[in-house]
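Engineer: Chain by chain, the residues run as shown.
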Amino acid sequence: MAKTFQVDVVSPEATVWSGRATIMIARTPEGELGIMADHEPLMATCATGPIEIEAESGERTTIGVHGGFLQVLDNQVTLITDRAEVAKSHAEAKETAQRLAAEDAEASDDA
Amino acid sequence: MASAQLRDTRRRIRSVEATKKITRAMELIAASRIPKAQARVHASKPYTAKLIEVIENVGAADAGGSHKLLERRDPNRVGLLIVSSDRGLAGAYSSSIIRLSEARAIELEREGKDVVIYAIGKKAQSYFRYRGYHIEQAYLGVTDTPGYGDARAVGNRVMEDYAVGRIDVLEVFYTRFESAMTQVPTHQELLPITPPEMEEEERGVRVSYGFEPSPEEILNRLLPTYVEAIIFNMLLEASASEHNARRRAMKAATDNAEELIKTLTVQANRARQAEITTAITEIVGGAEAMVGS
Chain A
1 MAKTFQVDVV
11 SPEATVWSGR
21 ATIMIARTPE
31 GELGIMADHE
41 PLMATCATGP
51 IEIEAESGER
61 TTIGVHGGFL
71 QVLDNQVTLI
81 TDRAEVAKSH
91 AEAKETAQRL
101 AAEDAEASDD
111 A
Chain B
112 MASAQLRDTR
122 RRIRSVEATK
132 KITRAMELIA
142 ASRIPKAQAR
152 VHASKPYTAK
162 LIEVIENVGA
172 ADAGGSHKLL
182 ERRDPNRVGL
192 LIVSSDRGLA
202 GAYSSSIIRL
212 SEARAIELER
222 EGKDVVIYAI
232 GKKAQSYFRY
242 RGYHIEQAYL
252 GVTDTPGYGD
262 ARAVGNRVME
272 DYAVGRIDVL
282 EVFYTRFESA
292 MTQVPTHQEL
302 LPITPPEMEE
312 EERGVRVSYG
322 FEPSPEEILN
332 RLLPTYVEAI
342 IFNMLLEASA
352 SEHNARRRAM
362 KAATDNAEEL
372 IKTLTVQANR
382 ARQAEITTAI
392 TEIVGGAEAM
402 VGS
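Here the protein sequences line up with chains A and B, keeping their order. Following the numbering used here, the numbering of the first sequence begins with 1 at its first residue and continues without gaps. Following the numbering used here, the numbering of the second sequence begins with 112 at its first residue and continues without gaps.
Among the hints, a few may not be true.
[Stated by the list, open to error] Which stretches of chain A does chain B cover? Using the computed rule of at least three CB atoms under 8 Å from a CB of chain B, they are:
(1) 21-32
(2) 47-55
[What the hints assert, rightly or not] Where chain B lies over chain A, by a calculated footprint (3+ residues, C-beta under 8 Å):
(3) 37-43
(4) 79-90
Because the hints were derived from the structure by calculation, they are not lab data. Just so you know, even glycine gets a beta-carbon here, dropped at the ideal spot from N, CA and C.
Using the sequences plus the hints, can you model the full thing?
Structural biologist: Okay, here's the thing in structure tokens:
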């Protein structure tokens, strides 16, 4: 069985996803980033867009994410994001992320 | 016919009953909001904890890094960020946080420093405006259910003012939600950021990260996020405390109304009894007079 690592996706409102995963595909401003167990320590900023996590059980989760940081350290991946929502599909996650970004821009404008 | 006293007492009972209904309703509304507010405080904790962890790690990896939000300056202009409520009827909730912050403001002015106020909630705004303080910015309609966008708006404003030197220090006043029973008015310094302390022996053994983009740039984005997260947390705790304070105040008001109704009912009964006695006496007196004639 493939090695697993701990993933925590946290937003200010909630812990969006937490558990063991075998692979995670995140999105940085530079492009897509695939992470598996024993990845080198990394600190990166996150872009707006979908991320994918394949859980230990083989179940795939897609999350729409807007902004944030990704830390990989000792087989622990922490994704700290302003806004995140679990979506049903890759396409939907893309839309979700864009909607979150738009909502965010709106909220900042109000102020 | 009912006597004037009886009528008055009955009218007062009715009015107290109406008040009781209102305070009871407000109590229930506040009570219904507490669990949600509390859950949100709870839900935001992992985020803040993880964020602090990441900042520690970046700070350790990028030891030489400095940032304008970390720099200490001579505190000549002190910003006070005060979280109160928009509405009253929450007992001492707003007044205790205002008292705490005003004491600090007076102390600062005595030291010859300029005080700049950022008020969250109408209560703090009107109190400090009335007393002639300089209110840089007031945020209204936030405290009931604060969103992350609100925290960001406040955060951006104070960080900008800090960056341009309108304030040299930012102190925050809010009511910490310790538990359902205790909420503590709290005072803490937010800007400049005090970096989370690192143990000396930990410093060396930290792994070197790959950074994407550079450490400076990541820190540049992490620190404002940290400030926002802290403010968000404060707003959530203050909101939970406010709902709690309001529930307690309205419960006390309802209890008082009940007590008052009891007393007034006794009074009304007494008045009614006195009236009946008078009526009987009159009838008996009248009958006897007729028998006598």
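Engineer: Decide, hint by hint, whether the structure agrees.
Structural biologist: For each hint, the structure was consulted:
no.: 1; hint: 21-32; result: holds (count 3)
no.: 2; hint: 47-55; result: violated (count 0)
no.: 3; hint: 37-43; result: holds (count 4)
no.: 4; hint: 79-90; result: holds (count 3)
Taken one by one, the earlier hints fail for this structure only at number 2.
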